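So the chains spell out like this:
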Amino acid sequence: MTTEQIIFLIVAGATLASGLLVVTSRNLIHAALWLVATLFGVAIVYTLLNAGFMAVVQVVVYIGAIAILFIFAVMLTRKDMRDSGAQLNSNWWAGALMAVLTFGGLFAMLRTWGGMSKTAAEIPAGFDQIAELGAQLTSPEAYVLPFEVASVLLLAAMVGAVYLAFNKK
Amino acid sequence: MDFLNTHLLSLILFLPTFAAVVILFLPSEESKLHRWFAFGASLIPFGLTLYLWNAFDPNRTGFQFQEQYAWYEAIGSNFHIGVDGISISMVLLTTFLTPLAILASFSVSDKTKAYFMLFLFLETGMLGVFMALDLLIFFVFWEIGLVPMYFLINQWGSANRNYASLKFMIYTMGGSLGLLLAIQMLGVLFGTYDLVTLYQNWNSLDSGTVLLGMPVHTVKTIAFWAFVIAFAIKVPLWPFHTWLPDAHTEAPTAGSMILAGVLLKLGAYGFIRLVLPFYPNEARMFSGALAFLAVAAIVFGAFASYAQTDFKRLVAYSSVNHMGFVVLGIAAAGLAAGTKDAHIAMSGAVLQMFNHGLSAAGMFFLVGVIYERTHTRDLNQFGGLFPLVPVYGGILIFTSMASLGLPGLNGFVSEFMVVRGAYPVLTVYTAVAMLGLLFTGAYILKGIKSVLHGPMNEHWAHGEHKLTEINTREILVMLPLMVLILILGIWPAWLVSVINQTVVALF
Amino acid sequence: MTTENLIWLIPLPPLISFALIVLFTNKNKALSHTVAISAAFLSWLGAMIVFVRALGVEHFGEHPFASSINWLPTGDTWLKVGVLIDPLGAAVLFFVAWTILMIFLYSVGYHNFGQPAGDHDHAGLPPHGATVHGHTVLSVEPMYSRFFAFISLFAFGMFTLVVSDSLLTLFVGWEIMGLCSYLLIGFWYAKPSARAAGIKAFMTTRIGDVFMLLGIAFLYSVTGTLSFREIFTEEILHTLASVPSGVFGLSAAGLIGLLLFIGTVGKSAQFPLHVWLPDAMEGPTPVSAMIHAATMVSAGVYAVIRMFPLLSMDEKTMTVVAFIGAFTAIFAATIAVAQNDIKRVLAYSTISQLGFMIAALGIGAYVAAAFHLITHAFFKALLFLGSGSVIHGMEHGVFHTGNHKVDPQDMFNMGGLKDKMPITFWTFLIGGFALSGFPLVTAGFWSKDEILADAWGHHHYIVFATLAIAAFFTAFYTMRQITLTFLGSPRTEEAKHAHETPWTMTTPLVVLAFFAVTYGWVGIPEHFPVLGPLVNNNWFHDFVGHTLEHVPEAPEFSWIPLLTSLVVALGGLGLGWFVYKDVKSVEQDKFQISFLKNKYYFDELYEVVFINPAYWVAENVIYKFMDQGVIDGVLHIFGPVTDKIGSAIRNYFDVPVVNQFIGDGSAEVAWWFGKNLRPIQTGRIQQYFILSLVVIFVVGGLLYYILTLA
Amino acid sequence: MIPLSWYLTFAAALFSIGLFGALSRRNMVAILLGVELMLNAVNVNLVAFWRYGDVAQMAGQVFAIIVFAVAAAEVAVGLALVISVYRRHNTVIAEELDLMKW
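As you go down the protein sequences, you meet chains Z, G, C and X in turn. Quick note, the first sequence lines up with residues 1 to 169 if you use the working numbering. Quick note, the second sequence lines up with residues 170 to 676 if you use the working numbering. Quick note, the third sequence lines up with residues 677 to 1386 if you use the working numbering. Quick note, the fourth sequence lines up with residues 1387 to 1488 if you use the working numbering.
If you are wondering where the hints come from, they were derived from the structure by calculation, not from laboratory data. Keep in mind it's a predicted model, so treat the numbers as computed, not measured. The beta-carbon is built from N, C-alpha and C at its ideal position, and this holds for glycine as well. Hints may be right or wrong, so weigh each one.
[Unchecked claim] Some, not all, of what chain G presents toward chain C, calculated at C-beta under 8 Å:
1) L195
2) E199
3) L202
4) Q353
5) M354
6) G356
7) H386
8) P556
9) V673
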């Protein structure tokens, strides 16, 4: 066990735990806060993967924007929080079964796969992954088209969201 | 100017379509606007054609003003257009007649928007056939020409229009089937539809080759007849001609003008552009049969015309008669290919196409003029109209004489050339065709007699039935036709020399 | 201006006049006839200049006036058109120009220019007279301008034909005249008889024309040219004569000649296509003169004379020509004897005289045929115009009495007009004597004598005898006509009040009478007793004969033909006068033989044999039976058959199999499934989600099982 | 060094947790929370594959970024829908919405 591994196990454990809390908390505000914790955990995992930029984006976008958005949504629908009573529906057992089956299936598949124990190569010295990412995102030979499509998607989502949530009184 | 020069044919071809689309956006009630717009729009292609005619170099062999764009690459079909001496004269005829036909349609007041749109689409369809240098394009335009005409007859025709339009459509489609199959066969065999390439490949086929499991000779014979029947229906040749009197009789006046003036020429043009170059051997072998059908059309057409009591039907049958001479010339050219006889016969045939376009359009228009006023075409109800409408009478006699082939007017020159070309090689057929020429005189005189001559017709002389003289607009329709008829009769060389150069190079 | 250029211009003035009248001056009668007569005069002037210049050229036959231009491209060569005036052309041009000018002038008076407009006249009918101060007087023709337009076009056609150097332009002029004859014969188109006559004329001549067109095509394809000068060369003629045509054992030359000759048969109204000409009398009289004398029928003869070198290449064709000519001569002459209409007599006389010319040509008498053509043109134009003048005078009488039942053309209504219309009488007498061949002083004698002499001299005794008998008949009916019309005393009130016609009509008569006498003197044979040595040479024979490469030999002088022509002419005239001097009415006429009167029933025969069957075939066989019955019938079978096949497919396949089994069946299956699967459609998103996952697992598991384990 | 399998297992577990949340929670906002977890799990996978594959190929990160964008869009639209539904039907419980029922 190296230090890195230990750190990973701890982070992973904490993350999964807060994830479980996200789906089980009775109070939605709590659930949203636990989501923030989970997302933060994932950000740390990114760091472990040497993807610092991703970690920053994770924090800024997910925690800074998405999680906050959730909290707003929760508060806007506050009158009907239904904090009391069952938080899980009547088919929760089927859901749980599916989740377990999914995990089991994925795990089984991972085990039979050959590249499981592969280890990461060293990142070459002087390799600027942020610059490379930016170059590839805007290069016509690479990913400018998906990038642009994504921006169009965002625009569409924005217009759609405004339209849906607009109070037509 | 450079753009104009390099895209001249496309411009001529698609301007009418463009204009038709513009009409679509004009307000529906403005009939007057539709008329004038359509008329003006159809003058532009005519002007461009004059420019084309001027820029065309008759001494060069092969096609000129060619344009080629990828169209259907997977099967080797290109949008390839161009003109030579034969097709340019047909293009000229088409763009010349269309404005006149539109001017002749100014009296149409029902659904003018659709009417003029269809007319302009029709022009594109016809021009496309004459310009196409790709079999598939040829076929596409061939069919495009059919649809507007169907609707013109079906929507603006007279009493029996449903029957006539359906008959027209089914007849032509029936012929097109074989044509399409034969075209596809050529395309599949050679991987291209380009006429110029096909001319060479197809004729250089070794006669021992086996195609589609049959000897090449059999395949060619079958394809030859598939082509011939399709074109024979359109020309129309006896015995495929019975759609024509019906369609003509029921079509609106301008529809008849274009039908007789240009659409019939598509069939004859098909013979010249496709049948003879593709099947020189078969054309030689079956020229007797072709000549037989042509002579049958000439003789029976004249006889049938003589038997009519319906003025328009009389004129319609005269088309059968006149187009027979075109095919007779073509048959002679097929038989005598490479000789002077063939050149004269073929030039005569092309000229006859042009001439018939002028005189038949004129005749149909004149029938329309009187029909519009009297609402009848029954010859028995006419007679003795000359004192009432002297100007109309004079014009009718003039045009009839052109149709009759009076020397000094255009019809004579072409008939003379066809007879001259056909006589040495198809002597008996030509001699029998003279019987048709004789009866041409008979039915023309019958027409004049039954309409104009005779004791003054009291029925149309007074009161509500009073027949009015041909008006200025109608004279303006006839005037260009008459002038051209006269010019071609006196000095045909300007047109014939262009045709002749191409004919000498091709046949 | 060079002579060649001048020749190009000769036909143009009438054409321009036609256009001017039609387009601009048709409302103004005076302007119209001024334009037309000026045009005729210009052409006349041109023709005279050309004629005089032609006289001045040495060896004119070898150096005619000719020029040509490229007209129509044919393959790598050109078809040329051009003008040619050779001796024959010059001679013909001379009489054509004169007669046309005279006829134009005559028309002014004939159509009553200057008279008031008729009370009830309208276009399409002859004028019916106008009332002035209670008297009925002649009224002006309502279509006066149109008449001048048509005859101008006609004149254009004739001049074109004469000056043309090739068969093609000759044919152009030929057909334009055909059109004009149609228009002019049917000038009073509102009269059904005139309308029918016009069509008859056009159609009958067109029968000839289509054969002629074939002949032209044949000639053109064999020789590659249509120019007279190029065809009539030794080499080409021999080629043509040696090539067999495969028809009736004729050589190419023979067949071409025969085809062209059929054209002439139609145009010059030879048997059996003669039927149109008498009916053509329906037209105004100047038209009759135009058609019968100066132009159209002459054109037919002119064309065969032109083509003589070709025709003479084949004996058989020549025999046919001679036979047709001789037969027509006697055949028409016999009919003329029994006619009562003053113009119809002349019409049959014309047919007969044209037969003389054709027969002359058929026996090789080239010059004689041309000579008779010209003299006949003069005196026959004179006779027609004279008869028109008579009719005009009679109409005057008719209007005076007001009895419109009297036919002003029937000779039995006339008599004694000698004193009423002296100028007409004397000129008509000259014309009639010329037609009869009155010895020595008339042109007709010299030309007819030359034909008989040629026939005798070349040993064509049958032709000689036939023509001699025909000449006898000619003299007889001519005298009959003169006697009935002018001599004796008036037989009707109208004839008493007949009146001499105006100067515009009599001047042409005098001019033509002059030529009817004098023109004969240019062709007096060299060896004719007394007169021959006096004139020293036969100018006409010399001049026209040089048109041919080998100048034809004049026949040896013989007393037999001379005496024969003296006997038949004088005998016929004498007998005619003797028989008719006391005839008072139709009943006393012994020659009213119905067989002759009805023209041997040829009209009726043609009606039954050709015209009715043609119409019947056209209408019933070709149109109704073939087109509408068979072809459309077959087409109309397609409809029901397709319909039957369609309904069979529908009833036995589409409805039970496709619709009920496949169509309805699949719908029912789907409905059953839908009904039973409906409960799982809970509308709850999470349940759908679970269900889809279940499916994924099941399918994935199965796939995994199949792919990896099995 | 951490083997790749650890990351993948972690991601699988996170994914399953999210799946459970999406399938079983009654509150619509909570369902969306579950979906967020699933998306994050996928992102972890993507970045891990990038790290353990050819680093010079940025496909994994690019993909992850695009997933961010999709997630943002999804949340924006999803929450807007929730608010809209809440306004109209006055409920945020998924089970109570069965308008699409047969």
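Quick rundown of the hints versus the structure:
Among the interface hints, the one on L195 of chain G is violated; its C-beta lies about 39 Å from the nearest C-beta in chain C, farther than the 8 Å criterion. Given the 8 Å rule on beta carbons, the hint for E199 of chain G is violated: about 37 Å separates it from the nearest Cβ of chain C. A distance limit of 8 Å between C-beta atoms decides the matter here; for L202 of chain G the minimum to chain C is near 34 Å, and the interface restraint is violated. Taken as an interface hint, Q353 of chain G does not check out: its beta carbon lies about 24 Å from the nearest beta carbon of chain C, beyond 8 Å.
A hinted interface residue such as M354 of chain G counts as satisfied when its beta carbon comes closer than 8 Å to some beta carbon of chain C; here the least separation is about 25 Å, so the hint is violated. The criterion of a C-beta within 8 Å of any C-beta in chain C is not met by G356 of chain G, whose closest approach is roughly 29 Å, and the hint is violated. Because the smallest distance between the Cβ of H386 of chain G and any Cβ of chain C comes to about 30 Å, over 8 Å, the interface hint for this residue is violated. Because the smallest distance between the Cβ of P556 of chain G and any Cβ of chain C comes to about 4 Å, under 8 Å, the interface hint for this residue holds.
The interface hint given for V673 of chain G is met, as the beta carbon of that residue sits about 6 Å from the closest beta carbon of chain C, less than 8 Å.
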